[in-house]
Amino acid sequence: MPRKRMGTERPPSRTVTDLAERLAGELRNSREGGQPLIYETEYPSGRIRVIVIWDTWDAAAPEDRTSAILRAYDLAEGRESRDKIALASGLTVPEACAAGMLPYQILAALRKGDPLTREQAHQAMLEEGASTLMSPDALQLRFPAEEDAKACVRRLIQRFPGTEDVWLINRDATAQDFAAARDEAGEL
Amino acid sequence: MPRRLIERCQPDSIREFRAAARERFEDGLWLAAAGRRTGAIYLWGYAAEMTLKAAYFALRGVADTAVLTWNGHIQPAINRGRAAPLNIAWPSQGAGHNVRAWAELLTAERSLATATAYTAPFGRDVQRSGQRIGRLWREILRYHKNVAYSHEVQQVRDAAEWLLTHSDAL
Numbered sequence: 001m002p003r004k005r006m007g008t009e010r011p012p013s014r015t016v017t018d019l020a021e022r023l024a025g026e027l028r029n030s031r032e033g034g035q036p037l038i039y040e041t042e043y044p045s046g047r048i049r050v051i052v053i054w055d056t057w058d059a060a061a062p063e064d065r066t067s068a069i070l071r072a073y074d075l076a077e078g079r080e081s082r083d084k085i086a087l088a089s090g091l092t093v094p095e096a097c098a099a100g101m102l103p104y105q106i107l108a109a110l111r112k113g114d115p116l117t118r119e120q121a122h123q124a125m126l127e128e129g130a131s132t133l134m135s136p137d138a139l140q141l142r143f144p145a146e147e148d149a150k151a152c153v154r155r156l157i158q159r160f161p162g163t164e165d166v167w168l169i170n171r172d173a174t175a176q177d178f179a180a181a182r183d184e185a186g187e188l
Numbered sequence: 001m002p003r004r005l006i007e008r009c010q011p012d013s014i015r016e017f018r019a020a021a022r023e024r025f026e027d028g029l030w031l032a033a034a035g036r037r038t039g040a041i042y043l044w045g046y047a048a049e050m051t052l053k054a055a056y057f058a059l060r061g062v063a064d065t066a067v068l069t070w071n072g073h074i075q076p077a078i079n080r081g082r083a084a085p086l087n088i089a090w091p092s093q094g095a096g097h098n099v100r101a102w103a104e105l106l107t108a109e110r111s112l113a114t115a116t117a118y119t120a121p122f123g124r125d126v127q128r129s130g131q132r133i134g135r136l137w138r139e140i141l142r143y144h145k146n147v148a149y150s151h152e153v154q155q156v157r158d159a160a161e162w163l164l165t166h167s168d169a170l
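Residue numbers (the working numbering), protein chains in the order written: chain A, 1 to 188; chain B, 1 to 170.
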């Protein structure tokens, strides 16, 4: 009777290879703004947690996204870097929003007389990494931390001087906010 | 008079989760063999969920027979997973049953210390199993009449079986 050992690893698909090559390019040439947003957290053990927020993941399965991230690190930084990754997750902007990971949103509050047009604001937000997946008309330019959002606003003002009052940073309310409010009410 | 089924149930615990995971996995095999594909997936998803929860709470030092509760264990684990440094993407809907998130929580929690961290390939297998089940299984399947494809049955069975057969190492 034939005896066959079955592996669990699949060869990387064309999608994974393409995404990995694009992402490896981003890792080699890190930019100040725009997608993908790549967040690395180093644990005390030396292992790394990687989150890549990128609308390009939209059509890819979660395990393909993880495979692409690991392969990208392999391509850009070598096998050792890849093996330090404990957990790699790829999320689109809407997925990261749904998980409460991008609470800081930049809005363009344009008024008559502002020194930039709606189209210019739209294009600049896209270049800074705004997502069109929720709606092509309502851009979502979001960040996990206030400092990231402030840095983005600084870049936008540098690009369009005199627009300090145009760019607003809005923070979503979180479950922790509600819990804190409840605690405060309880203390009164 | 004998006690009824519900009255005979033990409280939720690591030991009960591990034993129930094997029972539900076996039940799923019988359903799949009878052509009841969605029912099989439905049970395998729970088998995976219980296996991962048991592994996580064992890692956190919960005793085998300690009673696990929503407020005392499940919700705090979800909150810990969502927060830095673990940063697990954990949507609110069906949070307690999110197999992908539990698999990632377990992998990330283990990675915090060198002594408990999985090897890179094993950690990837844990995450991959959670991701595959997460794509095809939700607890809400019970409310729907859809029939699963054969390849979907195989994917969920393989992933649940992998977790179950590696539960000692999780």
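Think of the hints as simulated: they come from the structure by calculation, not from any bench. All values reported here derive from a predicted model rather than from experimental measurement. No residue lacks a Cβ here, since even glycine has one placed at the ideal position from N, Cα and C. Please note: incorrect hints may appear among the correct ones.
Here are a few chain A residues that face chain B, going by a calculated C-beta distance under 10 Å [said to hold, decoys possible]:
(1) Arg14
(2) Ile38
(3) Tyr39
(4) Arg47
(5) Leu87
(6) Met101
(7) Tyr104
Residues of chain A placed beyond 12 Å of chain B at every Cβ, according to the derived structure [said to hold, decoys possible]:
(8) Lys4
(9) Arg82
(10) Asp83
(11) Ala108
(12) Leu133
Beyond 10 Å from chain B on every Cβ pair, some chain A residues (computed) [as the list claims (entries may be wrong)]:
(13) Lys84
(14) Ala96
(15) His122
(16) Val166
Here's how the hints hold up against the structure:
no.: 1; hint: Arg14; result: violated (19 Å)
no.: 2; hint: Ile38; result: violated (13 Å)
no.: 3; hint: Tyr39; result: holds (8 Å)
no.: 4; hint: Arg47; result: holds (4 Å)
no.: 5; hint: Leu87; result: holds (5 Å)
no.: 6; hint: Met101; result: holds (6 Å)
no.: 7; hint: Tyr104; result: violated (15 Å)
no.: 8; hint: Lys4; result: holds (16 Å)
no.: 9; hint: Arg82; result: violated (8 Å)
no.: 10; hint: Asp83; result: violated (4 Å)
no.: 11; hint: Ala108; result: holds (27 Å)
no.: 12; hint: Leu133; result: holds (15 Å)
no.: 13; hint: Lys84; result: violated (8 Å)
no.: 14; hint: Ala96; result: violated (7 Å)
no.: 15; hint: His122; result: holds (28 Å)
no.: 16; hint: Val166; result: holds (31 Å)
Hints 1, 2, 7, 9, 10, 13 and 14 from the earlier list are contradicted by this structure; the remaining hints agree with it.
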